[in-house]
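Could you build all of it, start to finish, from the sequences and the hints given here?
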Amino acid sequence: MLSKTIAFSQFNANTKLRGQRLNTYLKKIKNNYFQIRCSLFPTPFAKN
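This note's numbering puts the first residue of the sequence shown at 1, with every later residue one more than the last.
Don't take every hint at face value.
The calculated lysine-lysine pairs, modelled on DSS-like cross-linking and capped at a C-alpha distance of 25 Å, are [claimed, not checked]: (1) K28 - K16; (2) K16 - K4; (3) K16 - K27.
Derived Cβ-Cβ restraints for the label pairs, each shown as a range [claimed, not checked]: (4) S39 - F8: 44 to 50 Å; (5) L26 - I6: 29 to 35 Å; (6) K28 - A7: 30 to 36 Å; (7) L2 - C38: 50 to 56 Å; (8) F41 - S3: 40 to 46 Å.
Honestly, the hints are just simulated from the structure, not real lab data. Every residue, glycine too, gets a C-beta built ideally from N, C-alpha and C.
Here it is in structure tokens:
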């Protein structure tokens with residue numbers, strides 16, 4: 001039972017880590033997309 005709990009917590013940690021990586025990756029993509037869009041279509045709100 002203890003080994004199961006340990007394995008489960010390890011799995012949880014791995015999943016959390018993967019989720020954080022995915023989040024940072026998506027944030028990076030979103031930022032890049034926003035910068036590209038602002039440079040292509042300048043809007044009054046775009047801060048260069």
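Structure versus earlier hints, numbers of those that do not hold, lowest first:
8
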